[in-house]
Amino acid sequence: MSGHPHPLAEFELLVLLATLHLGPDEAYTVSIAEHIQQRTGRSVRRANVYTTLQRLEAKRLVVTRLGEPRAERGGTPRRHVIVRPAGVAAVRATAGAIQAMVGDLRDIIGETG
Amino acid sequence: MPAPRWARWLLRIAAPREQIQDVLGDLEESYSNPVETLDIAAALIRARVSALRMNHGSHSLHDYKLGLRMLVKFPGLTIAGGLALAIAIGLGAGWFEFSSNLFRPRLPIPGGDRVVEIEMRNAAASEDERRIMHDFVGWRDHAKLLTDLGAYRTLERPLAIGGANAEPVTVAETTASLFRAAAVPPALGRPLLDSDERPGAAPVVVVGYTVWQRQFDARPDVIGQTVRLGQTTTTIVGVMPEGFAFPINHRLWIPFVLTPAGYGPLEGPAVRVFGRLAAGATQAQAYAEVTALTERTAAASPATHQYLRPRVLAYGGESPGDRRFLEIALTHLPIFFVLVVACVNVGTLIYARTATRDAEIALRYALGASRGRIVMQLFVEAWVLASVSAVVGLWMAHLALKWGFATLYAGQIAPFWIDPGLSLRTVLYATTLTTVGAALLGVLPALKATRSQVQGQLKTIGAGGSTLRFGKMWTAAMVVQVALTVICIPPAVGIAGEAWRDRVIRARFPTHRYLAVRIAVDANGDAVYRELARRVAAEPGVEAVTFADRLPGMGPKVRHAEVERASGVSPVEIPNIWTTDAGPGFFEAFGAPLVSGRAFHDGDRATGARTVLVNEAFARQYLNGANPVGARVRYAGSAQPAAEPWLEIVGMVRDIGMTPTDRGEAPYIFHAAAATASPFVVGIKTAGEAAALAPRVRALALAVDPDLRVDDLRTLREHVSRVDLPQTIVAFALGAIVALGLFLSAAGIFALMSVSVARRTREIGLRAALGASPARLLAGVFTRALALVGGGVFAGNLVLLTVVGLSPEVTIDGVAGALALTSSVMLTVGLLACVEPARRALRISPTDALKEA
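Protein sequence lines correspond, in order, to chains R and Z. The first sequence maps to residues 1 to 113 in the numbering used here. The second sequence maps to residues 1001 to 1853 in the numbering used here.
Some clues are possibly wrong.
Quick list of the computed label-pair ranges, beta carbon to beta carbon [what the hints assert, rightly or not]:
(1) LEU1333(Z) - GLN54(R): 38 to 48 Å
(2) GLU72(R) - TRP1009(Z): 17 to 27 Å
(3) PRO1108(Z) - LEU13(R): 47 to 57 Å
(4) ARG84(R) - GLN1021(Z): 20 to 30 Å
(5) ALA58(R) - SER1370(Z): 50 to 60 Å
(6) THR40(R) - LEU1333(Z): 35 to 45 Å
Far from chain R by the CB rule (all over 10 Å, computed), these chain Z residues [to be verified]:
(7) GLY1025
(8) GLU1028
(9) GLY1112
(10) ALA1125
(11) TYR1209
(12) GLY1262
(13) ARG1311
(14) GLY1603
(15) ALA1609
(16) ALA1733
Here's a subset of chain R near chain Z, in silico, CB distances under 7 Å, partners left out [what the hints assert, rightly or not]:
(17) THR29
(18) VAL30
(19) TYR50
(20) GLU72
(21) ARG73
(22) GLY74
(23) THR76
(24) ARG79
Since the hints were made in silico from the structure, they are not lab data. All values reported here derive from a predicted model rather than from experimental measurement. We put the beta carbon where it would ideally sit given N, CA and C, even for glycine.
Given these sequences and hints, build the entire structure.
Structure below.
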C-alpha cells in the first residue's frame, strides 16, 4: 500500500465517520444510513450506502463480516462494517484537509459545528 | 410485519446478485422496525439502471435523433421496411389479441381464470345440445372438482318502472350460484339466494349498475321497490357494482325456478352451465369427472345421451383444457414466424443501408468507438424504425379489431369481458415484439458490418466502392423469401377468389329483403309460431313467413351420410352433406320450387317420419343427375357407432343459391320440421328493405307471448356477413401477406442490386472505358439477381408440386395455371426491382470511375 491515504468523497467520509461512531458491533447498512440521517438531517438513500460501502471495501478502507442470523431479518445475518487502519488514516487525512481549508474562514462562513 | 412480496420481488430483480441477501435482510429488518423503507426498491432500481447504462456504453439521445434522421435520409427503406414491420407487428398484435380472447379471455371478476363453462356436444349431429337441465342437476349434485355450478338462460323482458313506458332489457334467469361463482358481492342489498329458486318464492330481481343509475337515478332506497318485468311484479333485492355483467352482458338477474319433480334426459329449457374449479383441481380433472358422470347418464339413457359428449371450457373461450403446448404454440408461433420473415427482409434492406455507410463506420472505429458502441447505435436506429412501424401497425390492428368486433356482434349483446380494440397487455406484447424485431434486424447487420478490418474499410473511402457484400446468409434469406412468396400466392389467390365468388353469388340473392329472428319458447312452440306467423304475415309489405333451424346463408350444419341409389346397390358415401330442418312455406319463401316428386305435407312433420327432400346439387353430385325420388339416405359417420335409420327421398327442390362450393351449390338434405324444437329461426320475406320491419316483429313476438325469447333479430344480409367474416378476414390477411411478400422481394432485390452496383462502380467504369456494351455490362451485374429470383421461384414451385403430389384431391393440371401465374408475377416483380439499379449502373461515367481508381 502506498504511503498516501486515499482521498475520500464527501459521502464516503460520512459513511466512514458513521461507522466509526457506531462501532464494529452496531455498524451495518441500515444503522449507518439512519445515523447519517439523524446527525446531518439529510435524506440518505440506502442504495447509496450499499454502493459506497462496496467502493470502500474495494479500496480496502473497510472490511465486512457476517453476524448471527436474526429472526427480524427473515433469518439472514447483518453484515457488520469495520473500519480498517487505512480507513481511519483516510478519514484523518480528509478531515484534516477540510479543517486546514476551513481554517480562518469562520468569520465568513460561520461556525460549522 | 414482513416486507411486502412486491418489494422482495423488485429487489430480487434490481439488486446486484452479491448483495441480494444483505439487501433482503435489511428490508425485512426495516419492516420489523417501523422506520423508513419505501425508497429502497426505487433507489436500487435507479442504481441498477445507471449501472446497466454504464455497462452498455452511454447511448444517448443523439442515437435516437440519428435514428430519426435516418428515417428521413433513406425514405425508400423507411417506407418499405416500415410498412413491412407495421404489417408484421399489426398482424402479430391482432392475432395475439384475437387468440387470447378465443382461447382464454380474462374475466374481470375475482379468480376469473378458474371459472369454466360446461357444454354438451352432440357428436352425431355436430351441434351443441343445450337441453341439459337433467345433466346439470347430476353434475351439481355429484361433481367434486367443480363448485358453485349454475345454469342460466338469457331472456329479453320489458321492464316497467312506475307509470313509465316499458323498455326491453336483457335478463339472466339464473340459479343463485351465479353470484357465488362470480365472487362479486352486490353494491347494495343482497344477491339472489337459493331460497329464491324454490317454487312459490316471491319474485325478486337484482339490477345492474347502469340500470340503477339510469332508471332509478342511483337512489339508495331502490331496495324493496317493485317493478314490472314482463308479466310479473317483482321486488328489487340488490344492485350489482359497476362493470358487473356476468354471465355475458346482463343487466338484470332473476331466479331460475327449478321444477321440484326434476328433469328427465333432454327435458327442460335450453340453458348454459358454468362453474368454478374446486381448489387444487385442474380443468383436465374436471373434464374427466364430468365425462364420467355423463357416461353414467348415457348408460342409463342411451336413447338421449348416446352421442352426447361434455366439454369443460375456460369460461368465454375455446380452450379445451389446461394451458397446453398447442395452445401456446398457436398463440405465439404464427406471430414469430411473420415477424422473423419480415425482419429478415427488412434486415436485408438495413444491411444494404449499412453498406452505404461503411466509410462512416470505419471513421468511427478509427476515432476510437468500440464495436459494441457502433452495434448499439445501429440497434437504436433499427429500434426507432421498428417503433414508428409498431405505432402504425398497432393503430391498424386496433381499427381492424374494432371493425371485426362490431361486425361480429352487430345486433346482439357482446360479452362484457371483451373490450373492442387492443388491450394494454397486447400493446406490451407488441412492444416486446418491436424490441425483438429491432434486435434481429439491427444487431445482425451491424455485427456483420463491423466485422471487416478497419484499414480495408478506410481505404475505400473516397474510392466510390464498398467492402460490404451480400454474403451467403443474405442471399439464402432472399431466396427463401422469394420461395415463400411463391408458395403463398396460390392459396391466397384461391381463398380470395373463393371469398369473392361466394360474395358475387350470394349478392344475386336478395338477402336484404329477408329478416331472420331466433325464437325460443318453453312450451306450445307450434301454437306460438302459428300465431306469430299469422300476425307478421298481416303486416304490410310481408310476402312470406316461414321457419327453420337455420336459414340459407346462416352457416353450415354438416353431417356425414350415405345414399343408396336403388335397393341392393352399395351405398355411396357423402362426407359432407348440409342439412336443414325446414318449416312450412320454407321453399316458397326462398324461391326453391319443387322440381320432381312431392312437397312435404303435415304427415312428414310427425315424430318418426322418415322422409326427406334433397336439392338439385345433391342429385348432380351423388346420383349423376338422375331423379333422386325413391332413393334412400341415412346418417352414418365415424362418431356414430351405428348408422341411423334409412330416410326416403320423396322430392327434389331447386338450388337456393346461397351456399356456393367448388362444385356449384352445396348438396342439401331437408327435413320437415314442426315448431316444437326450440329455438328456431323465423324467416320473413318482405317486399322492400326488411330492416325497417325489425322493431315491429319484436313487438309482435312479445305481444304473442311475453315470455318468448327473441334473439339475433336482423336481416339475412347481416347474418350472412357475420358467417362470412372469418373467410373475409383470412382472405384479407393472406392477400396482405402476399402483397407484403411481393413488395419485400422487390425491395430486397432492389437493395441487393444497389449494393452490387455500388461495390462494382470502378469495375463497371473500367469495363465501359474498355468498350463493353451496355448489354454486357448489365448482364455482368444482373445475372445474380436473375439467378436469385429464379432459384426462389424454382424452390417455391418445387414445394407446391410436392404438396400437390401428396394431395389426392388436387391434380397437376389443376394447378399448372396457378404455378405459371405465380412464376411470371414473381419474375416480373424481380425484373422491375432491377430497373433503377440498372439505370444507375449505366450512368457511371468511365472517366469518373478511372479518376477514382
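Against the structure, the hints come out as follows:
For LEU1333(Z) and GLN54(R), the Cβ-Cβ distance of about 44 Å falls inside the hinted range of 38 to 48 Å, so the restraint holds. Separation of GLU72(R) from TRP1009(Z) is about 20 Å and conforms to the stated range, judged on CB atoms against 17 to 27 Å. For the pair PRO1108(Z) and LEU13(R), the supplied restraint of 47 to 57 Å holds, since their beta-carbon distance comes to about 55 Å. Between ARG84(R) and GLN1021(Z) the beta carbons are some 23 Å apart, a value that agrees with the proposed interval 20 to 30 Å.
Taking the beta carbon of each, ALA58(R) and SER1370(Z) are about 24 Å apart, not inside 50 to 60 Å as hinted. About 58 Å separates the C-beta atoms of THR40(R) and LEU1333(Z), a value inconsistent with the hinted range of 35 to 45 Å. Not every Cβ of chain R is farther than 10 Å from the Cβ of GLY1025(Z); the closest lies at roughly 3 Å, contradicting the non-interface assignment. Non-interface call for GLU1028(Z) relative to chain R: violated, since the shortest CB-CB distance, roughly 4 Å, does not exceed 10 Å.
Distance check for GLY1112(Z) against chain R: the nearest CB is about 33 Å away, which clears 10 Å, and the non-interface claim stands. Interface exclusion of ALA1125(Z) from chain R stands, the closest Cβ pair being 61 Å apart, more than 10 Å. Its beta-carbon lying about 44 Å from the closest one in chain R, TYR1209(Z) satisfies the requirement of being farther than 10 Å from that chain. Its beta-carbon lying about 57 Å from the closest one in chain R, GLY1262(Z) satisfies the requirement of being farther than 10 Å from that chain.
For ARG1311(Z), the shortest C-beta to C-beta distance to chain R comes to about 46 Å, beyond the 10 Å cut-off, and the non-interface label holds. Distance to chain R confirms GLY1603(Z) as a non-interface residue, since its nearest Cβ pair spans about 83 Å, more than 10 Å. With a closest Cβ-Cβ approach of about 77 Å to chain R, ALA1609(Z) is found to remain outside the 10 Å limit, as its non-interface label requires. The non-interface label for ALA1733(Z) is consistent with chain R: the shortest C-beta to C-beta separation is roughly 49 Å, beyond 10 Å.
For THR29(R), the interface hint holds, the least distance from its beta-carbon to any beta-carbon of chain Z being 5 Å, beneath 7 Å. Interface hint at VAL30(R): satisfied, since its Cβ lies 5 Å from the closest Cβ of chain Z, which is below the 7 Å cut-off. Given hint, TYR50(R) at the interface with chain Z, holds; its Cβ is 6 Å from that chain's nearest Cβ, closer than 7 Å. A distance limit of 7 Å between C-beta atoms decides the matter here; for GLU72(R) the minimum to chain Z is near 4 Å, and the interface restraint holds.
Annotation: interface hint on ARG73(R) holds; nearest CB of chain Z at approximately 4 Å, less than 7 Å. A hinted interface residue such as GLY74(R) counts as satisfied when its beta carbon comes closer than 7 Å to some beta carbon of chain Z; here the least separation is about 4 Å, so the hint holds. Among the interface hints, the one on THR76(R) holds; its C-beta lies about 3 Å from the nearest C-beta in chain Z, closer than the 7 Å criterion. For ARG79(R), the suggested interface contact is upheld, since its CB lies about 5 Å from the closest CB of chain Z, less than 7 Å.
Checked against the numbered hints above, the structure violates hints 5, 6, 7 and 8; every other hint is satisfied.
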